[in-house]
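Colleague: Residue strings, one per chain:
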Amino acid sequence: MIELSHVSKHFGEDTAVDDISLHVAKGKFCALVGSSGCGKSTTLRMINRLIEHSSGDIIIDGQAIGHYDPVKLRRRIGYAIQSTGLFPHWTVAHNIGLVPRLLKWPAADVKARVEELMRLLGLPTEEFAHKYPHQLSGGQAQRVGVARALAADPDILLMDEPFGALDPITREKLQDELAKLQARLHKTVVFVTHDMDEALKLADHLVVMREGRIVQQGSPLALLQTPADPFVESLLGGLERGLKQAALTRVKDHMSSLGQTLPAQSRIPGEFSLRQALSMMLRDHCDRLTVVDQHDMPIGELSLRKVVKEAQLDKVSHRDG
Amino acid sequence: MSQIDALPSPSSQYGHLNSVLICLSAAMLGASWLLGLVSVAPNRIVAGTSYGLVAAIGWPGALLVSLLFIAMGGLAIKPSRLHSYAQLCIVTLTLLLMPFGLMVAGHWLIDPTLPQARLGIGAAYWVVLFLLLLCLVEVRLRLGLSRLWTTLLLSSVGGAWLLCAALWLENLALVQEFQARDQQFYRAMLQHVVLVGIAVSVSIVVGLVLAMLMRRYQRLQRIAFAWLNFLQTIPSLALFGLLLAPLAWLAANVPVLAQLGVSGIGATPALMALIAYSLLPMVRNTYIALDEVDPETLDAAKAMGMRPYQRFWQVRFPLALPILLEGVRITAVQAIGLTAVAALIGAGGLGTFIFQGLGQAAMDMVLLGALPILVLALIVDASLGALADALRPGGHK
Numbered sequence: 001m002i003e004l005s006h007v008s009k010h011f012g013e014d015t016a017v018d019d020i021s022l023h024v025a026k027g028k029f030c031a032l033v034g035s036s037g038c039g040k041s042t043t044l045r046m047i048n049r050l051i052e053h054s055s056g057d058i059i060i061d062g063q064a065i066g067h068y069d070p071v072k073l074r075r076r077i078g079y080a081i082q083s084t085g086l087f088p089h090w091t092v093a094h095n096i097g098l099v100p101r102l103l104k105w106p107a108a109d110v111k112a113r114v115e116e117l118m119r120l121l122g123l124p125t126e127e128f129a130h131k132y133p134h135q136l137s138g139g140q141a142q143r144v145g146v147a148r149a150l151a152a153d154p155d156i157l158l159m160d161e162p163f164g165a166l167d168p169i170t171r172e173k174l175q176d177e178l179a180k181l182q183a184r185l186h187k188t189v190v191f192v193t194h195d196m197d198e199a200l201k202l203a204d205h206l207v208v209m210r211e212g213r214i215v216q217q218g219s220p221l222a223l224l225q226t227p228a229d230p231f232v233e234s235l236l237g238g239l240e241r242g243l244k245q246a247a248l249t250r251v252k253d254h255m256s257s258l259g260q261t262l263p264a265q266s267r268i269p270g271e272f273s274l275r276q277a278l279s280m281m282l283r284d285h286c287d288r289l290t291v292v293d294q295h296d297m298p299i300g301e302l303s304l305r306k307v308v309k310e311a312q313l314d315k316v317s318h319r320d321g
Numbered sequence: 001m002s003q004i005d006a007l008p009s010p011s012s013q014y015g016h017l018n019s020v021l022i023c024l025s026a027a028m029l030g031a032s033w034l035l036g037l038v039s040v041a042p043n044r045i046v047a048g049t050s051y052g053l054v055a056a057i058g059w060p061g062a063l064l065v066s067l068l069f070i071a072m073g074g075l076a077i078k079p080s081r082l083h084s085y086a087q088l089c090i091v092t093l094t095l096l097l098m099p100f101g102l103m104v105a106g107h108w109l110i111d112p113t114l115p116q117a118r119l120g121i122g123a124a125y126w127v128v129l130f131l132l133l134l135c136l137v138e139v140r141l142r143l144g145l146s147r148l149w150t151t152l153l154l155s156s157v158g159g160a161w162l163l164c165a166a167l168w169l170e171n172l173a174l175v176q177e178f179q180a181r182d183q184q185f186y187r188a189m190l191q192h193v194v195l196v197g198i199a200v201s202v203s204i205v206v207g208l209v210l211a212m213l214m215r216r217y218q219r220l221q222r223i224a225f226a227w228l229n230f231l232q233t234i235p236s237l238a239l240f241g242l243l244l245a246p247l248a249w250l251a252a253n254v255p256v257l258a259q260l261g262v263s264g265i266g267a268t269p270a271l272m273a274l275i276a277y278s279l280l281p282m283v284r285n286t287y288i289a290l291d292e293v294d295p296e297t298l299d300a301a302k303a304m305g306m307r308p309y310q311r312f313w314q315v316r317f318p319l320a321l322p323i324l325l326e327g328v329r330i331t332a333v334q335a336i337g338l339t340a341v342a343a344l345i346g347a348g349g350l351g352t353f354i355f356q357g358l359g360q361a362a363m364d365m366v367l368l369g370a371l372p373i374l375v376l377a378l379i380v381d382a383s384l385g386a387l388a389d390a391l392r393p394g395g396h397k
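Going down the list, the protein sequences come from chains A and B.
Position 86 of the first sequence, counted from 1, bears residue number 86 in the UniProt record's numbering, the numbering being contiguous throughout.
Position 291 of the second sequence, counted from 1, bears residue number 291 in the UniProt record's numbering, the numbering being contiguous throughout.
Only chain A is shown next, with the shape it has when bound in the complex (with noise of 0.2 Å):
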């Protein structure tokens, strides 16, 4: 669990934070969005002790971070960023095992838990331990960054715009990976990025900070139902709002049972998105399609209006809540 109250951080004259406040609870995944020079990496880097902060308290299960050795505080925490930060003198395998070996595990107990990361990430250990990470793609040297956040088996991990510097495809997909990661992990994430759809993917509890205040928190489809200024809605997608909210919301959800009329001719997996199923209406200009399970058999059915309709309910029910 982490806890921000009051923090504010002054560099000389300027202000890089300014009084923010923010609670993650454990095992939620916790992302700070905003343009650059917001303070949003200013704040993960304080939660670690990267950076002091100047005034105010930040708690980490239920300790001032003050109380901890910043070295020992550091090794508990993992930390990804953007630049990978891999040394480029060390194996991929070395590399991963770094915590490990400043905490002292013994040396078989090391080499095993780097083999179990590189399974997890999808590294094969044959082909890649002994590589250097000049040698990967930069894909798999961001993959090789997450493991070796996760080495330690930290309960917080810290993430710096992982996945900034990576193509759409390569993104997509580890972005993909982390949320199945997260989801068997639970670990308490926090997450700082300026791409809004990479937060609305991945996060439970959305910040959006702005000269180095937040200016909305809350979850991803709170924010995109109310935003609270035009400059969240901006970021928010401005007219793409209904769109991004729609991605969040699962066909399943929304879906009637099978009616008396014949099933229509495009099929959706039940897992799929709203806004995938709008797609495929325009693509297949239809109005309706049959939802379907992983064994492609019908469990009901998806109507234009009722996706319209629905969302406008959703709307009506959380101003009414």
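Hint data in this document are derived by calculation from the structure and do not stem from the laboratory.
Predicted model, so just to flag it, every value in this text is computed and none were measured.
Hints are supplied without guarantee of correctness; some may be wrong.
[What the hints assert, rightly or not] The calculated SDA-like cross-link candidates involving lysine to any residue, where the alpha carbons are at most 25 Å apart (straight line), are: (1) A:LYS201 / A:GLN265; (2) A:LYS111 / B:PRO318; (3) A:LYS72 / B:ARG311.
[Said to hold, decoys possible] Quick partial rundown of chain B residues pointing at chain A, CB under 10 Å, derived from the structure: (4) GLN232; (5) MET306; (6) LEU319; (7) ARG392.
[As the list claims (entries may be wrong)] Label pairs and their in silico Cβ distance ranges: (8) A:GLY238 / B:ARG307: 27 to 33 Å; (9) A:SER219 / B:PRO295: 33 to 39 Å; (10) A:SER35 / B:GLY197: 54 to 60 Å.
Ideal placement from N, C-alpha and C gives every residue a C-beta, glycine not left out.
With chain A's structure known, arrange chain B on it following the hints.
Modeller: Leaving out everything else, chain B in the frame of chain A:
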């Protein structure tokens, strides 16, 4: 040699003729016919008579040499990988044949009844040797051979020459000079190596400490570089001279120092001057090497929970090592040359032969000092260069 190695590689330019090798072959052919191959002198002081190619090694020898050079140039008209390997063989063969040429010339030209008569190495030999080394560099770049390969090749050629010199070349002036003072030569060689070794080791330690202090205290950086730059501008002879008076005074007034071997002349002032000169390249390279390590990598090391000494010894230092070794290489090569001058103030070393030879107008004795210094410098240069290559992060170039 390493400077030449750093030139961009002209490899993969096969197809059109290699004008470099053609010019070099023509120059070697010209030099071997037009310049004196050997000289013969009745004794050590009298200037020798120069003999050309045919006079020295006869028509068959002259023909063989010419054929080798013509083949070398001919192969360069239509370059290919195979031709480059053939040229490498020709270069090696010619290098290996060189001492045999001297043997033949010695056999024919030296009158056995004159025990003082000696064979000198003529201009053609030196020019051809130099051009052959250039050919080797060119062929090496074409074939993309590693530095280690060339070093091994040249070492084996050098070994063959030494063997020939020891066994069959007693007529050669250089060999006679050596045989007249072999104990002295070994001692001088040892002194030279020890002086250079101490100067370089001390400057490595001092350089590392100074560079680390300079990184911590920015003020020190400016002051230290100003001083080191100033020291470097003093001519070496002047620095030796400058140290003479204060050290002599110290030795006269502080008996402990005198017992330790401090005096106005000898090894102490030589070492002090050598260290003073070595510090600038050493400190500058160490400082730059440590300073140029990627800050992102060091930031990651900190974020992973490495302590400052771990960050230095496990990350910063190993990443700086190749550039740092480059500094050691420059310093060592410079110190090998400077130590020759140190002979003037009685520090010993191979420079002794150079200055004695100059004083006695015995050029072969000068060579006895100068050649080993050259070879020493080349060996140190090549081996430290290869070491720096091998230590590049992740083994890549």
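Colleague: Against the earlier hints, flag every one the structure doesn't satisfy and list their numbers going up.
Modeller: 1, 4 and 8
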